[in-house]
Amino acid sequence: MSSTKIFLKSSDDKTFEIDETAARASETLKNIIDGGCLDGVIPLPNVSSNILPKVIEYCKKHGGDNGSSKKIANGGVDKDKEILPDYDEEEDKREKVRVDELKKWEEEYMDFDQQVLYDLMLAANYLHIKGLLDLTVEKAASMIRGRTPDQIRENFNINSDFTPEEEEEMILIEDEWDDEWAFD
Amino acid sequence: MMTSLSIQQPCLTWSKDGNFHPTADAEIIFYGFLAKFACEALRRRWHIIGCLRFRVSSTHFYCLTNFMSCWKNVKEEMKKQESMRISTEGSDLLLALGDELATDILIRLPLKTLFRSKCVSIRWNRLISDPLFAGMYVNRQGGGSHTHTTTPTSFFHQLDYFASDSGYLPREDKRLHFLRLHNNAKEENDDNHVVVQHRVRSLGHNVFIVDSDKGLLLFVRAGNQCRNYLVSNLIDKLWIDLPEPKRWYPYESAKLVCKYDDKPSLTQIKFEVILFSRYQNVSSLSLEIFSSETGNWRMIVLHNYPSYFRTLHCHTMFNRAAYWLEVHADTARIAAFDFNRLKKSSMPSHSIPHNDLAIMPEDCVKFIPLPASSDLPSNGFLGFSGGLLHYAESNLTNLHIWALSSGGLSESSEVAWSLKHSASLQSMIDEHPDIFHLIANYRVCRSFGNYVGEEIRHNEHKFHFSPLAFHPSGLHLVLLRLPGMIVSYHIEKRKLEVVHHYNIEHFRHLPHFRVLSYQYPAWPIY
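Going down the list, the sequences are from chains C and D.
Heads up: the first sequence begins at 1 in the working numbering, then just goes up one per residue.
Heads up: the second sequence begins at 1 in the working numbering, then just goes up one per residue.
No lab work stands behind these hints: they were computed from the structure.
In this text, a Cβ means the ideal position worked out from N, Cα and C, and glycines have one as well.
Relax, there's no trap hidden among the hints.
Restricting the straight-line Cα-Cα distance to at most 16 Å, the calculated cross-link-like pairs of lysine to aspartate or glutamate (EDC-like) are:
hint	chain 1	residue 1	chain 2	residue 2
1	D	Lys118	C	Glu166
2	C	Lys30	C	Glu20
3	C	Lys54	C	Glu107
4	D	Lys118	C	Asp161
5	D	Lys118	C	Glu167
6	C	Lys130	D	Glu100
7	C	Lys130	C	Glu57
8	D	Lys118	C	Glu165
9	C	Lys61	C	Glu101
10	D	Lys118	C	Asp150
11	D	Lys118	C	Glu169
12	D	Lys118	C	Glu168
Partial pick of chain C residues on the chain D-facing surface, computed with a CB cut under 8 Å:
hint	residue
13	Tyr118
14	Met121
15	Leu122
16	Glu138
17	Ala141
18	Ile144
19	Arg145
20	Gly146
21	Arg147
22	Thr148
23	Pro149
24	Ile152
25	Ser160
26	Asp161
27	Phe162
28	Met170
To give an idea of the chain D side of the interface with chain C (calculated C-beta under 10 Å), a few residues:
hint	residue
29	Leu95
30	Asp104
31	Lys112
Chain C on its own, in the form it takes in the complex (with noise of 0.2 Å):
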């Protein structure tokens, strides 16, 4: 495996290094690489010094390892592999030993607050890293996910901006969600 060094300048202007392989986890930096545009370092205009360390981290994980960044991609165990009588037991064991311990570094690593969550987010998009794009959408849907209209504003500082007659229309379709009815 080719160890090539490449360096990456943040927004701010700090400067990272990062292996070959894993930069190719980014299909931006893949596409950088193969197309011989690559002259010392690679200016990132859109993400900065604070954010940079925590993706080139989630790439040295993944980057080089298709295999495994896509079986965490598609929710962590094979299930084809569970009805399949004759499956080796050991090669099983190791790949969940393997899957095991790729979703704990997921969850150690996945564990910031909301603002880092959106500049990685920004990041992944931008560096078209699909895993953690995946992985940091996935998170900002948990934190959606069954809560009424206000802890949603509340959670994301959002301003309900209805206008009153719309805001009372709108407060019509959440009832419509949130009771139970009679049918009689």
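Model the placement of chain D on the given structure of chain C, informed by the hints.
Coordinates of chain D only, in the frame set by chain C:
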């Protein structure tokens, strides 16, 4: 091919006379059109690396002013992007992320959260109400085809409305029950489940579930000598009341058929309700069909129907064909009714005035023999799973499940059943002592009530596993009835789990219950 551009702060000074002057060594300068290009690049998030160098002589002032205005745009654009990344404090999360990412998040939400979230802000409302979003959401859920194994599925359990012996039951026992499958954590978390469960609880005792298809449910509200059919999806509050059918027959069965076009139209779904009846004359089969397009019922009669069985056991529909079991003493067969033939025939079925009778061609009905090794058809069950017709049968020692791999309604006369699964009841008893302990208790209670169940009369120690339903998307789960309870049977794991207990206090003998599978609609607005 990458296009590379780099924007650096151009070396310009602002002189006191109000004009732009390039500094003596200004060398990195863009022409106006290049700056415009850079703006566009930023907007589309092209990757701006490397640089283009132009040496501009001091005479090109018009270019410079042009450039400066564009440069301002570039800087504004950059600032906007900057603010997106850095200051989401006090602003809308989705606003900061842009439509594309916001949609990516919203599409992962369950329906209930999604629809309630319309009230969060104008922007959220706009994103969620976008028909394009609905299309994307449906595709993500498996595209309305409902054969996807991940389509959330649940089961309902209620008295069989069309079995006529339920009149004496207390109200509570007629109610619709929602069967929870314990093993499926994914479905447990889904709040569609919660919505449906709530709504099922609030249904009246006189509302019976009759059929389900592609996320819609057909109900009947029973009254005195009348029946009103209703269609709903249970997710939103929409109920479609059908007009009363023309005739009223006790030996009846009703089926719901949803019609999706190639691209499911999300604002209006077309459906048909078909009533099958054998009452009027034992040698005829009559149909009443309601179409949501015309809003009317029409009648079709098949005379010389070559059968004398009145009831339609395990009536099921798939791909515009209806199937049912005809059981008489120890002989049985499957009747298949092909609606496509009805259309192909010369009879102009659509142009018939709705209260006229039409005669249908005899080749609409075909009979399919049961699997050769079937020996107790009175305990058989017919249903569709994963797009194939399945037949399950339990005798006192084994449970067998067959699938019809060829024959049926196709032209080939050779009917081929293949045995898909076979389980010994003894081994199931051995593996699930807890469940069989419950059954033993149940029997003790029953016999104290001076009633000895039919199964016990036949054999003190054995009973049937009566198949009640197949999982619609594939043969991985079957619901079975055991004495006093309904269990789910996981075919791969060979595992039984209790999903429902009958209330033994009430039943002198067990009336006809049925279990109906229901796959949640991908999008509720029909």
